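Trainee: For reference, the chains in residue letters:
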Amino acid sequence: MAAVSKALRDDLLASIPNLRAFAVSLTGNGERADDLVQETLMKAWAKFHTFQEGTNLRAWLFTILRNEFYSQLRKRGREVEDAEGTYAARLASQPAQGGHMDMSDFREALSRLPADQREALILVGASGFSYDEAAAICGCAVGTIKSRVSRARARLAELLGLEPGETYGADPMSTSVITRTVA
Amino acid sequence: MAKEGRGSRVGAKKKKGEKMLAGTADRPRGAASGIDPRVQREIGKHLRAHYQDVLKEPVPDKFVELLQQLEKSIEKKS
Chain B
116 MAAVSKALRD
126 DLLASIPNLR
136 AFAVSLTGNG
146 ERADDLVQET
156 LMKAWAKFHT
166 FQEGTNLRAW
176 LFTILRNEFY
186 SQLRKRGREV
196 EDAEGTYAAR
206 LASQPAQGGH
216 MDMSDFREAL
226 SRLPADQREA
236 LILVGASGFS
246 YDEAAAICGC
256 AVGTIKSRVS
266 RARARLAELL
276 GLEPGETYGA
286 DPMSTSVITR
296 TVA
Chain H
32 MAKEGRGSRV
42 GAKKKKGEKM
52 LAGTADRPRG
62 AASGIDPRVQ
72 REIGKHLRAH
82 YQDVLKEPVP
92 DKFVELLQQL
102 EKSIEKKS
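Line by line, the protein sequences are chains B and H. First residue of the first sequence? That's 116 in my numbering, and the numbers climb one at a time after it. First residue of the second sequence? That's 32 in my numbering, and the numbers climb one at a time after it.
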């Protein structure tokens with residue numbers, strides 16, 4: 116038992132940075148993110164017997180964290196959503212290397228996305244999960260994740276004023292595709 | 032004959048649904064999101080940088096302590 120618990124402790128410890136990054140993305144608030152991670156670790160420990168060995172531990176933990184986040188949201192009602200993204204604002208903002216947008220602008224735009232789109236985009240675009248894994252974590256269809264990711268990207272581009280025609284000199288065809296999709 | 036006809040109609044219905052799904056999945060990523068690939072790359076880069084900022088932070092002591100406590104509580108039980 117001691118050996119098992121030590122291995123589990125090490126695995127959980129190793130996944131904490133990822134859990135925190137996901138939690139910050141969900142809550143936009145560092146303090147609440149850490150509460151969420153703490154709750155996730157305790158829940159994971161308590162129900163570790165339900166984890167199927169050989170399956171993706173990180174995906175399992177993300178599922179617990181996400182469920183915890185939404186159950187807290189329901190409990191607290193509407194007062195929660197930190198639309199200001201206070202944590203995001205507190206993080207040092209680094210100018211993008213040769214990019215056209217500022218990190219703080221990006222965080223601000225990210226915090227304005229609907230929660231379901233933001234989590235889909237983070238899971239696929241930053242946490243490194245496949246569409247299938249993200250769908251399993253969110254308990255929805257793969258197609259739903261794909262469409263949320265697309266809508267998240269389109270909305271971000273819109274919020275950040277990334278007009279391809281101006282900023283990137285896109286060819287007329289892709290510009291028309293974008294205009295049609297956003298409209 | 033009639034039976035066969037009904038069966039194939041059901042089959043055709045299913046196929047149509049599959050086709051629709053496959054159509055969405057097969058489109059290249061840029062086209063699926065309706066976004067210029069360069070804009071998409073830029074968003075991806077910032078998204079990962081945003082995530083990395085938290086990922087790079089050291090694990091707060093309270094989590095290390097919490098796990099040690101959990102581990103101890105199990106060792107006591109066994």
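Bear in mind the hints are in silico, worked out from the structure with no lab data behind them. Some hints could be false.
Said to hold, decoys possible - Some chain B residues flagged as far from chain H (calculated, every beta-carbon gap over 10 Å):
1. Trp-160
2. Leu-188
3. Asp-231
Unchecked claim - Some, not all, of what chain H presents toward chain B, calculated at C-beta under 7 Å:
4. Ile-66
5. Arg-72
6. Leu-86
7. Glu-102
Keep in mind the model is a prediction, meaning the values are calculated, not measured. For glycine and all other residues, C-beta sits at the position ideal for the given N, C-alpha and C.
Trainee: What are the numbers of the hints the structure violates, in ascending order?
Mentor: 1 and 5
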